Amino acid sequence: MTRAILSALASHWRRNPLQLFTLLAGLALGTALWSGVQAINAEARASYDAAAATLGEGSYAQITARDGGAIAQATYVALRRAGWLVSPVVQGRLGPVRLVGIEPLTAPGGIGAVPVDGSADLGAFLSGTGQIFARADTLEALPTTGAQGVIAPDVAPNTAITDIGLAQRLLNRAGQIDRLIVAPVQPLTRRPLDQVAPDLVETAPQGGSDVARLTDSFHLNLTAFGLLSFAVGLFIVHGAIGLAFEQRRPMLRTLRALGAPLRRLIALMAVELAALAFVAGLIGVALGYVVAAALLPDVAATLRGLYGADVSGQLALRPVWWLSGLGIAMGGTAVAAGGALWSLARMPLLASAQPRAWVMARQGPGLVVASVGLLALSGGLALWGQGLPAGFGMLGALLIGGALALPPVLALVLRWGQAGARGPVAQWFWADTRQQVPGLSLALMALLLAMAANVGVSTMVSSFRLTFVGFLDQRLASELYVSATDAGQAAAVIAAAESRGAAVLPILSLDREVAGFPAEIYGARDHATYRDAWRFLREVPQAWDKLARGEGVLINEQLYRRADLDLGALVSVAPGLALPVLGIYGDYGNPVGQVIVTESLFRAQFPEGTALRFGLRVDPAQVGAMREALQDQAGVPPTAMIDQAAIKALSLSVFERTFTVTTALNILTLAVAGFAILMSLLTLAAMRLPHLAPVWALGLTRRRLAGLDLLRAVVLAALTAALALPLGLALAWALLAVVNVEAFGWRLPMYLFWLDYLRLGGLALLAAALAALWPAWRLSRTPPARLLGVFRHER
Amino acid sequence: MNVKLLAVLVCLPMQALAQGFAGLGSEAGAFAVPKPDTVLQFPADHGAHPDYRIEWWYLTANLTGPDGTPYGLQWTLFRSALAPTDGQGWDTPQLWMGHAAVTTPDAHFVTERLARGGIGQAGVQAAPFSAWIDDWVMEGPDFNRLRLAASGPDFGYDVALTATGPLVLHGQQGYSVKSASGQASNYYSQPFFDLSGTLTLPDGPVPVTGTAWLDREWSSQPLAADQTGWDWFSLSFDSGDKLMGFVLRGQPDYTAATWIAADGRTTAYADGAFAATPLVRQDVAGRKVPVEWQVRLPDRGVDVTVTALNRAAWMATSVPYWEGPVTIAGSHGGVGYLEMTGYDG
Numbered sequence: 001m002t003r004a005i006l007s008a009l010a011s012h013w014r015r016n017p018l019q020l021f022t023l024l025a026g027l028a029l030g031t032a033l034w035s036g037v038q039a040i041n042a043e044a045r046a047s048y049d050a051a052a053a054t055l056g057e058g059s060y061a062q063i064t065a066r067d068g069g070a071i072a073q074a075t076y077v078a079l080r081r082a083g084w085l086v087s088p089v090v091q092g093r094l095g096p097v098r099l100v101g102i103e104p105l106t107a108p109g110g111i112g113a114v115p116v117d118g119s120a121d122l123g124a125f126l127s128g129t130g131q132i133f134a135r136a137d138t139l140e141a142l143p144t145t146g147a148q149g150v151i152a153p154d155v156a157p158n159t160a161i162t163d164i165g166l167a168q169r170l171l172n173r174a175g176q177i178d179r180l181i182v183a184p185v186q187p188l189t190r191r192p193l194d195q196v197a198p199d200l201v202e203t204a205p206q207g208g209s210d211v212a213r214l215t216d217s218f219h220l221n222l223t224a225f226g227l228l229s230f231a232v233g234l235f236i237v238h239g240a241i242g243l244a245f246e247q248r249r250p251m252l253r254t255l256r257a258l259g260a261p262l263r264r265l266i267a268l269m270a271v272e273l274a275a276l277a278f279v280a281g282l283i284g285v286a287l288g289y290v291v292a293a294a295l296l297p298d299v300a301a302t303l304r305g306l307y308g309a310d311v312s313g314q315l316a317l318r319p320v321w322w323l324s325g326l327g328i329a330m331g332g333t334a335v336a337a338g339g340a341l342w343s344l345a346r347m348p349l350l351a352s353a354q355p356r357a358w359v360m361a362r363q364g365p366g367l368v369v370a371s372v373g374l375l376a377l378s379g380g381l382a383l384w385g386q387g388l389p390a391g392f393g394m395l396g397a398l399l400i401g402g403a404l405a406l407p408p409v410l411a412l413v414l415r416w417g418q419a420g421a422r423g424p425v426a427q428w429f430w431a432d433t434r435q436q437v438p439g440l441s442l443a444l445m446a447l448l449l450a451m452a453a454n455v456g457v458s459t460m461v462s463s464f465r466l467t468f469v470g471f472l473d474q475r476l477a478s479e480l481y482v483s484a485t486d487a488g489q490a491a492a493v494i495a496a497a498e499s500r501g502a503a504v505l506p507i508l509s510l511d512r513e514v515a516g517f518p519a520e521i522y523g524a525r526d527h528a529t530y531r532d533a534w535r536f537l538r539e540v541p542q543a544w545d546k547l548a549r550g551e552g553v554l555i556n557e558q559l560y561r562r563a564d565l566d567l568g569a570l571v572s573v574a575p576g577l578a579l580p581v582l583g584i585y586g587d588y589g590n591p592v593g594q595v596i597v598t599e600s601l602f603r604a605q606f607p608e609g610t611a612l613r614f615g616l617r618v619d620p621a622q623v624g625a626m627r628e629a630l631q632d633q634a635g636v637p638p639t640a641m642i643d644q645a646a647i648k649a650l651s652l653s654v655f656e657r658t659f660t661v662t663t664a665l666n667i668l669t670l671a672v673a674g675f676a677i678l679m680s681l682l683t684l685a686a687m688r689l690p691h692l693a694p695v696w697a698l699g700l701t702r703r704r705l706a707g708l709d710l711l712r713a714v715v716l717a718a719l720t721a722a723l724a725l726p727l728g729l730a731l732a733w734a735l736l737a738v739v740n741v742e743a744f745g746w747r748l749p750m751y752l753f754w755l756d757y758l759r760l761g762g763l764a765l766l767a768a769a770l771a772a773l774w775p776a777w778r779l780s781r782t783p784p785a786r787l788l789g790v791f792r793h794e795r
Numbered sequence: 001m002n003v004k005l006l007a008v009l010v011c012l013p014m015q016a017l018a019q020g021f022a023g024l025g026s027e028a029g030a031f032a033v034p035k036p037d038t039v040l041q042f043p044a045d046h047g048a049h050p051d052y053r054i055e056w057w058y059l060t061a062n063l064t065g066p067d068g069t070p071y072g073l074q075w076t077l078f079r080s081a082l083a084p085t086d087g088q089g090w091d092t093p094q095l096w097m098g099h100a101a102v103t104t105p106d107a108h109f110v111t112e113r114l115a116r117g118g119i120g121q122a123g124v125q126a127a128p129f130s131a132w133i134d135d136w137v138m139e140g141p142d143f144n145r146l147r148l149a150a151s152g153p154d155f156g157y158d159v160a161l162t163a164t165g166p167l168v169l170h171g172q173q174g175y176s177v178k179s180a181s182g183q184a185s186n187y188y189s190q191p192f193f194d195l196s197g198t199l200t201l202p203d204g205p206v207p208v209t210g211t212a213w214l215d216r217e218w219s220s221q222p223l224a225a226d227q228t229g230w231d232w233f234s235l236s237f238d239s240g241d242k243l244m245g246f247v248l249r250g251q252p253d254y255t256a257a258t259w260i261a262a263d264g265r266t267t268a269y270a271d272g273a274f275a276a277t278p279l280v281r282q283d284v285a286g287r288k289v290p291v292e293w294q295v296r297l298p299d300r301g302v303d304v305t306v307t308a309l310n311r312a313a314w315m316a317t318s319v320p321y322w323e324g325p326v327t328i329a330g331s332h333g334g335v336g337y338l339e340m341t342g343y344d345g
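Chains as they are written, first to last, in my numbering: chain A, 1 to 795; chain B, 1 to 345.
Treat the hints as calculated values from the structure; they're not laboratory data. Note that the structure is predicted; figures quoted are calculated from it, not measured. Certain hints may be false.
[Said to hold, decoys possible] Just the calculated beta-carbon pair ranges, DEER-fashion: (1) G501/A / G87/B: 30 to 40 Å; (2) L188/A / A285/B: 19 to 29 Å; (3) R147/B / G576/A: 58 to 68 Å; (4) Q125/B / D473/A: 54 to 64 Å; (5) Q125/B / G146/A: 45 to 55 Å; (6) P637/A / D203/B: 32 to 42 Å; (7) F517/A / A30/B: 16 to 26 Å.
[Claimed, not checked] Just a sample of chain B residues kept apart from chain A, beta carbon distances all over 12 Å, derived: (8) D45; (9) D106; (10) T111; (11) A126; (12) D134; (13) P141; (14) A160; (15) S179; (16) Y269; (17) H332.
For every residue, glycine included, the Cβ atom is placed at its ideal position computed from N, Cα and C.
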């Protein structure tokens, strides 16, 4: 019996290979999209983890110089001799590679990612020509050092680790240390830091490294995209499986009439689907790998440029994502098949084999209620929800509610179309379109979600770009930024710059706790640069004048949100000094709070904070000459000077890459949705023959019918696109104003990009038209005998 | 004798150490080798000998608190050279390791420090004497008056040492043979320190007094290939006499001892005169470690039972070993210290 049922089930696929292909391809493409995005995310995250492990970033407290400069090696020894268990780190660029020098005997985590096992020879690491640990590609990129290169795959990408002694020599920084890692366990007694080394400041370990926090923003975007892709994939899978069941209804009825037990039938179909899902999942994961491998270099370049985070451009096969990809395929199939199996279980033995019944039964008031309920839930979460889970819950409810609303809304619009139609052909066109919507609805929902996702993500990325570039304009208003190593060099910088007619803007800053949160306090000189370049999110009138008079402070958005400091609220800047907030500015990507006071107030309150960094306003054409002058007269190395134009150019090139990634994902999702439409149309084509034959018999040519079919697909796609736009904008708003704020504490302003949306709409129509092309062509070539046959047969 | 941790020092680094004491028969290579006719020079020899592979300044003390509670204290600075050269900066091949411990009848506190030579983080200077690693110090105007301090996450101590007797040279005028095939070290001690000071324990400071024993030893190839570990005893009898004896476990075992009279006169005993037999073994840190011994030196009428004050005195350091205070009963009474290495389970 089992064998007979299985053979009957299999024979269906043998007779309808196209359906089998639909099912497998739908599942595989959904899985591919999901696992591709996940793979990129997983790879980037693994790279940060390696970086954090390598450098002890995040997990240990750090000691750095108050002025951000180097720490003398003698100070390190003095701290050790005062009882501080600290370990020195020096780092710098050696060619294209970041070289990190560590001291393995005192480093809290040993040598971090460098495997010190029986085979590793610490002697070779510490003495002689030394050893450099790095990934193979990094070792190749290193200039010749004379040291022995050791391949260590767990070291962060583009990073090389060596002993501090060798690093100091290679970086030409003898006796200098950049930071000290503080061991988590310290001895009972040690002298206070400010007695031993008053110039140093200890910072508590952060939950994650700065780099990780910053790049989290980018990853959140990718994760959201991954979720959306998954939703698209799920609808496609649902559609494919629903149709597969639909088409087999007569066969199932026959099998049951022949005596096949219902329970065994259901069980065998479940097994069959699981096997298909497994195969499709494997294909999907493989495809996802291809997608990820193609996109990863761009993502890596994006992150490196944006945040200085090194991400390997090479993809490793991580079990996490290929297992999750398979899980998605199997789980998605289970969800999609659950409903179908349930309706099969309730199917009366002698039910009509009328295939439309099932699809039509899916319509009705239930869908509307569900959709309205979900959209209301989403709105409620937006208004009253707290925390990141609520944000994601809101996103989910919004998307699914929006998708479920599609069939009723389409039905409504098509009814209007029909009411306004003149002439029999037009009326038939609208009626037939309405008739087709149920069969196409799942594919159209996939298209809707793909469109919405694209609108949402494009809006987010483009808004991010505009905001960030504007932010750079504001923050990098000076043409040249210079860091001095000590007060002497600082004086030389000022002298050299002013002698060449540049305006010097000292950057005074120190770390303080403000309103219970870690924050940076900046002293700003009253200069037109700030007034011209800075834009506030919110401000009181004449904010800059009041700031210059010492009547208030400016704070960044992070502090405003975290400490709930609105305009006019008093900020305790120093003991006994509380000033009102005059303005709140966007400070994208900064994990800590920031307070700006006027320069004179800063110098009076914090005499210990000396300016070692300067912004120089010079004629842009003179930047090169100024750099040379500073190098010659003040001894400032080129690495201590940052050219504003160079930073902007870098940022823009980074965004170009971001767009490459986004565009590629856009086209991919639309292609997948288009594919779903194609498959639905192909499946429906055979069923529609009885509807078309009478129209053909009444005189419409096959060619005309095919043209109308094509038009119908485009009309449906256009209606879907029109619905997708508001849904996508709502999605973008949710990402920028809700999820981003919950995740990072700052809100990205939302900009609209109508040309982009138009282009996306065009792409969606194109996808739908392409999808409809082949079915229409097949229709135009249908032999008249087949059409005539409709009138011969009983249905 | 503290042939201890030769291995540690020979290949100080981390896990390599965990390979244990069995690998101690390393070749001396380019390093200097102890010679029988060497005459030790003081105070110069209190300082470091960078041309030898390994060296230590090793102090153990038996102490008593105000309520009569016995305590043990350890302060050790090891030097291990990757090459027989010295110098300034990170390039120097000299590495340093400190171990500090306090043992009470029911607790054992241990901590460890590692440091590179050449940058001032650790080192030894002969006169005025100073040995240090991080904030740990053993220092004073000369070798007879020293301040000793160390601290760990849960304990610390700061004590003063005053020598009441002369330096003691082991073996042949400080040339101490370690195997039948001739491996040897330079080895002398100052076993006559009086100690007073304060232990800082989790329950608060404890004023203590007692006696301390400082060992100085350096070598380049201390063990024969077949020797797997050692058991070392420093015993101070109530009579004022002292006994240093060790067993190097191998095929066969190799023993040596020094009898130190109360006035500092010494008698060196060659292989076989001294014997130590485990009586009770205890499961410590997953290893079977002897915690009660029968120790005999028939020539002096010594036949005593040596019992650990705290059986769990396990040094969970880069190279783990057992080190703790002991009590002596039998033909002689007294206190002392016991070190056992090579019990790798």
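- What are the numbers of the hints the structure violates, in ascending order? 1, 3, 5, 6, 7, 10 and 12
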